[in-house]
Amino acid sequence: MLSVNNLVTSYGLIKALKGVSLEAKKGAVTCILGPNGAGKTTLMFTLAGILTPDTGTVNLLDQNLTGLGAPKILRKGLALVPENRLVFADLSVYENLLAGAFTQSRAMATQVSDDIEKMYDRFPILKDRHDQPAGNLSGGEQQMLALARALMSRPSILLMDEPSVGLSPIIVDEIFAIIKQLNEDGMSILLVEQNATKALQVADYFYLLDQGKVTFSGTPDQVKDDDIIKRAYLGGG
Amino acid sequence: MDMLQTSLDGLMIGSTYALLGLSFALVFGIMRRINLAFGACLLFGASLAIYLEPILGWGAWGLFLITIVGVALASAYVERLCFAPHSKRHGALTAMVASFAVWMQLDEISSQLLPQRTHAFQGLEVPNFWWGEIFVRGDQLLHFAIALVSILLLYLLLYKTRLGLLIRATADSPETAHLLGAQVPWLGFIIFLLAGILGGVAAFMILSADGYVTPLFGLWSTFKGLVAMIIGGVGSLMGAVLGGLILGLVETHAGAALGAEFRDMVTFGLVFLVLIIRPGGLMGVKIYRTDSLARDRV
Amino acid sequence: MDIYLASVLTNMTLIAFLALSAYLVLVVGEVSFGQQAFFGIGAYITASVTALAGAHIFWGLLAGAIGGAVCALLLGLLTIRLSGIYFAISTLCFAELLRFFLLHIRFTQNIDGRIIGPDGPEGFSNIRWIFENHYEVVDFLLLAATCLTILLILLFSLERSRIMLGARMVGNDPILAQSQGLSPTRYRLSFITLSGAVAGFGGGLFALFNTHIEPAMFGVMLGIHGLAYAIIGGLGSAMGPLLGVVLDIGLLESIRQLAAYRMIIFGGLVALLLVFRPEGIVSPRLVSRLKSRWRNRHV
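Protein chains in written order, with the working numbering: chain A, 1 to 237; chain B, 1 to 298; chain C, 1 to 299.
One or more hints might be untrue.
As the list claims (entries may be wrong) - DSS-like cross-link-like pairs, simulated, lysine-lysine; straight-line CA separation at most 25 Å:
id, chain 1, residue 1, chain 2, residue 2
1, A, 25, A, 180
2, C, 291, A, 118
3, A, 127, A, 180
4, A, 18, A, 213
5, A, 127, C, 291
6, A, 224, A, 25
Derived from the structure by calculation, the hints contain no laboratory data. Small disclaimer: the values here were computed from a predicted structure and weren't measured.
Let's have the full structure, built from the sequences with the hints guiding it.
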């Protein structure tokens with residue numbers, strides 16, 4: 001569904017992505033593992049259009065997304081939930097959801113209202129706090145809000161950058177349960193995670209990104225068998 | 001020889017700017033805050049010193065001492081009222097406006113202490129001398145020495161004491177600054193006190209070199225401190241020192257070449273250029289778009 | 001109406017333009033120490049157009065607004081990569097450089113026996129529109145208040161549209177806003193330019209009311225005051241800066257009796273107010289809550 005070919009992105013003179021190729025299949029949860037500094041966030045930002053790649057292509061369902069800015073990419077159906085940068089802190093929960101639907105045209109106002117109601121149904125805690133500033137929400141609630149906001153743009157594929165970071169194990173379980181549910185409802189998901197154990201529970205396919213290159217790709221079983229991954233991410237052999 | 005004379009003068013003045021810049025850099029570099037009341041604190045210290053002088057009769061060294069104490073007191077007051085209550089991440093703007101309000105307050109108090117527009121400010125009696133063809137003002141040389149000593153003392157504090165370690169650790173990361181600020185609530189207080197002391201030293205040096213103080217001194221010194229910090233690179237302590245020295249040099253040369261009127265404009269033009277071309281200043285403080293330093297609202 | 005009261009109210013109205021212009025920049029997440037320069041440019045341009053060229057006040061004010069907007073746009077373009085304190089200081093420098101420029105403009109004409117025109121540090125005297133048109137203080141107050149009301153209506157309609165939401169998104173987190181499909185640069189430039197227009201217009205009114213302007217009037221202090229009013233009033237809506245102006249100037253005037261100690265008390269009060277209400281009076285939080293209550297009023 002989303003195919004990335006030989007993506008190269010630089011920060012000034014430093015090449016953060018040195019030719020990344022991967023594929024996220026439709027209806028699957030694809031997970032990207034990797035150490036800090038591997039280029040995972042750079043990859044996410046590039047896919048979402050916040051950074052422009054030097055070379056390489058990004059295609060979503062036969063649509064070429066390469067080099068289009070973030071607004072156009074969002075309209076074409078790719079939504080990003082960034083890491084650590086979850087919500088508009090001073091805006092209320094309601095306004096955050098509205099923000100997610102920003103690229104929808106004015107004429108769609110009713111649809112947007114309906115979508116917000118749907119989000120409230122799916123995430124009741126957001127309904128409770130709908131007029132509170134998003135910055136007041138707990139970590140887990142903010143992650144949920146970020147997710148709901150991304151869903152407001154009615155994406156075909158959802159990109160998530162380290163959804164478990166900074167959250168307690170119980171909340172992480174909740175988030176991953178939601179991710180699994182979203183996937184079961186038909187959403188394609190590209191996930192960046194450090195928590196490989198949790199990722200193994202939901203992901204269908206894995207890539208390992210190291211120093212700007214893909215060094216491994218495989219199924220969950222192959223991941224469990226791989227020594228490198230076992231040592232680095234699953235706590236030993 | 002003229003160039004040399006101008007450069008020497010520039011360095012002398014620059015050393016005082018360096019201290020002003022350091023004060024700003026301490027507060028902004030470590031706490032990510034702009035203290036708009038800074039100049040007003042300096043004015044208050046100087047005003048208090050002059051006001052008490054006839055009562056205490058301690059002469060120029062008395063002025064020096066009281067100025068420092070006055071500025072330190074005012075800084076502590078500002079910290080408690082304007083900065084301590086707004087120590088969370090997004091409190092920067094509110095703290096700044098509160099410090100502006102106290103700026104007004106301190107300015108008024110200073111006017112009460114010194115009702116006339118200009119007041120004489122006695123300097124240290126140090127003989128002037130000639131070094132070859134260069135005229136050296138004795139008091140400015142002494143000031144330069146005092147500035148050096150102050151910077152050295154600050155360096156020792158920051159690098160040889162545990163408190164200094166704490167301060168430097170906080171300076172390295174803005175996030176840590178807020179975390180540590182909460183754990184060590186008096187850290188902000190100490191930093192403001194340090195900045196106040198440095199500022200007081202600088203204030204005395206500048207005013208005694210000029211020989212008089214006017215109500216405009218507050219705004220003026222706030223400008224200089226900010227500019228020195230920006231040229232050197234926001235938040236960098238070494239940068240603030242270098243920035244101050246460079247500011248002094250540029251200013252003095254511009255004044256000599258173009259006249260006093262253009263002097264200030266050259267400063268503003270220089271800063272504007274620095275910001276557009278190399279916002280990180282001399283020390284090249286990095287600011288990427290995704291960097292939180294650039295994102296923080298003031 | 002008592003002339004003194006009318007003067008105070010007129011001053012409030014004029015400063016409100018400045019406060020609103022600071023507000024417009026704050027909304028997109030930046031602090032500007034330079035709005036007073038656009039105010040000053042607007043003043044000079046309006047004065048020139050009405051007093052020197054003898055044009056109608058409408059053209060004068062329009063020209064003032066456009067002048068402010070152009071300068072602001074220029075600043076915005078030059079500082080396009082800057083943010084936070086870097087942006088703030090650059091606005092300060094830009095404003096002082098502009099003021100330096102005003103200090104050196106000399107273009108006087110002798111019209112009907114009077115010297116009219118910008119005259120360096122002496123300023124621009126004899127901006128006689130209000131005399132020639134027999135405007136009393138109260139009349140001018142009405143004029144200024146009407147203009148302010150129109151501006152407020154414009155800003156409120158902006159508030160209801162998604163433009164304001166977009167601006168606040170950019171102000172909260174530009175990168176996140178980008179990931180939601182906005183262009184932070186475009187919002188920044190637009191709002192900065194708009195702020196210049198608003199300040200320029202206010203400056204034009206100021207010139208007409210004062211009949212004499214000089215560069216010293218448009219220094220940093222004026223700008224920081226405008227900024228302070230906006231923040232104390234709260235950034236939740238355009239009413240905030242307005243409230244800030246009314247409160248501050250009103251409070252200041254009401255303790256006028258205390259003469260010299262005015263600023264001492266006032267400064268302390270403001271700092272205290274901020275301790276208890278750090279987000280200002282009309283805070284975004286408050287406005288969100290009011291909006292949601294209105295939205296759910298039938299529930």
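- request: Go through the numbered hints given earlier and state which of them the structure violates, listing their numbers in rising order.
  value: Of the numbered hints given earlier, the structure breaks none, since each of them holds.
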